[in-house]
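Enquirer: Sequence:
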Amino acid sequence: MDIQGRKLIKIATAGSVDDGKSTLIGRLLYDTKSLTTDKIEAIERSSKQRGYDYLDFSLATDGLVAEREQGITIDVAHIYFNTEKTNFIVADTPGHVEYTRNMVTGASTSQVAIILIDARKGVIEQTYRHFFIANLLRISHVVVAINKMDLVNYDEETFLKIKSDFDVLVEKSDFSEDQITFIPVSALKGENIASKSEEMPWYVGNTLLDHLEVLEPEDLQESSVARFPIQYVIRPKTEAFHDFRGFSGKLYGGSLKVGDEVTLLPSLNTSKIKSIHFFDQEIDEAAPGSSIAVTLETEVDLSRGDMLVKSSHVPQSEKQISATICQVNSKALRVGAKYILQHGVNRVLAKVDQIEAKIHTDFSGTEETDQLKLNDIGKVRFRLSKPIHFDSYKDNKSNGSFILIEEGDFDTVSVGFID
Numbered sequence: 001m002d003i004q005g006r007k008l009i010k011i012a013t014a015g016s017v018d019d020g021k022s023t024l025i026g027r028l029l030y031d032t033k034s035l036t037t038d039k040i041e042a043i044e045r046s047s048k049q050r051g052y053d054y055l056d057f058s059l060a061t062d063g064l065v066a067e068r069e070q071g072i073t074i075d076v077a078h079i080y081f082n083t084e085k086t087n088f089i090v091a092d093t094p095g096h097v098e099y100t101r102n103m104v105t106g107a108s109t110s111q112v113a114i115i116l117i118d119a120r121k122g123v124i125e126q127t128y129r130h131f132f133i134a135n136l137l138r139i140s141h142v143v144v145a146i147n148k149m150d151l152v153n154y155d156e157e158t159f160l161k162i163k164s165d166f167d168v169l170v171e172k173s174d175f176s177e178d179q180i181t182f183i184p185v186s187a188l189k190g191e192n193i194a195s196k197s198e199e200m201p202w203y204v205g206n207t208l209l210d211h212l213e214v215l216e217p218e219d220l221q222e223s224s225v226a227r228f229p230i231q232y233v234i235r236p237k238t239e240a241f242h243d244f245r246g247f248s249g250k251l252y253g254g255s256l257k258v259g260d261e262v263t264l265l266p267s268l269n270t271s272k273i274k275s276i277h278f279f280d281q282e283i284d285e286a287a288p289g290s291s292i293a294v295t296l297e298t299e300v301d302l303s304r305g306d307m308l309v310k311s312s313h314v315p316q317s318e319k320q321i322s323a324t325i326c327q328v329n330s331k332a333l334r335v336g337a338k339y340i341l342q343h344g345v346n347r348v349l350a351k352v353d354q355i356e357a358k359i360h361t362d363f364s365g366t367e368e369t370d371q372l373k374l375n376d377i378g379k380v381r382f383r384l385s386k387p388i389h390f391d392s393y394k395d396n397k398s399n400g401s402f403i404l405i406e407e408g409d410f411d412t413v414s415v416g417f418i419d
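Residue numbers for the sequence shown follow the UniProt record's numbering, so the first one is 1 and each next one is one higher.
Treat the hints loosely; a few may be bogus.
Within a straight-line C-alpha distance of at most 30 Å, the following computed DSSO-like cross-link-like pairs (lysine-lysine) qualify [said to hold, decoys possible]: (1) Lys331 to Lys386; (2) Lys237 to Lys272; (3) Lys310 to Lys7; (4) Lys250 to Lys394; (5) Lys397 to Lys85; (6) Lys10 to Lys189; (7) Lys257 to Lys310; (8) Lys272 to Lys319.
No wet-lab data here; the hints were simulated from the structure.
On a predicted model such as this, the values are computed, not experimentally measured, just so you know.
Using the sequences and the hints given, assemble the complete structure.
Expert: So, in structure tokens, the structure goes:
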């Protein structure tokens, strides 16, 4: 929560061409009074110049010149708005197939996904891919916003048909924790966005904004075991803190308490937590997501890249891993290629041992391939120069993900999710 007591919800949006995603976000900004007066005036001027008899709210979010000219979203933009109760961060991600990498990276930290569907078109191929990526990233709360209901005369049967088609898609998912909510909206007209629509009395659920407001961060947060990768060793060497030796980083997955018995990786030595420091306070327990420093009861050798975990929940430690990869670089990934694998703050050398398959993002299966090109998603096996201490991505997102880096120019090549 912020200093005003507002909770924080992180959202990713995805939609096909002309589904009205940018208009939806612009409408949310407008209805929550998050647009400045000069921004609204600029939208009014641009809308008139284009001959529109309405405000084109997509102009509030499509920031690149190419986006405004083509009427599409290309880059990932993070958009901030708030209500009295909640701060929202929206990752406005492109939905087109050639920008799959942008959607994967943009949605990777989100707690909720909003998938837009054009009421006139229904569930299409790109809808399959958007839901596949939400599944891949283990985003458990998905809102299906069926937009442009005004263009189908707010017809309930159209809404129910799309809902039924999407339910068939959900059955193909291997992610059992999916929570799907369907909301019929018209972003252009403001129907069921921030206020209830009088045009759709047959819909008895919440508006989109009301639905997002009732979500609680605790319910959306990953529930897992504690993982504390060391980012920095604090040695002030001042008179007041002459013997202080703290290990700082961000806590993921679960909580840590003073007195917890912990195992230090890779040494496998054990100790107990003596104290936990959060900024200028000393606390008894740290919640996941906290940036903290801990001290231990015994003198131990820990440095950047090492990890501290509860002794009752030690992760796997292997020199070979299998992962699902999304290729984010134009250089193809091939068997035998060598990269730097960055896992948290730790870096090891990695060699592509085998490309097991390319995955079809429409849930239709896999195919054999000898390379993964830009925006491809596939199953890959790696051989590492030394063991890493990992969990599967489905069990712990932070400790189950990594990036591949080109050795020569240090370009990011792929993002990976450990099986």
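Enquirer: Does each hint hold? Answer for all of them.
Expert: Hints and how they fare:
no. : hint             : result
1   : Lys331 to Lys386 : 25 Å, holds
2   : Lys237 to Lys272 : 23 Å, holds
3   : Lys310 to Lys7   : 28 Å, holds
4   : Lys250 to Lys394 : 19 Å, holds
5   : Lys397 to Lys85  : 27 Å, holds
6   : Lys10 to Lys189  : 25 Å, holds
7   : Lys257 to Lys310 : 10 Å, holds
8   : Lys272 to Lys319 : 28 Å, holds
Taken one by one, the earlier hints all hold for this structure without exception.
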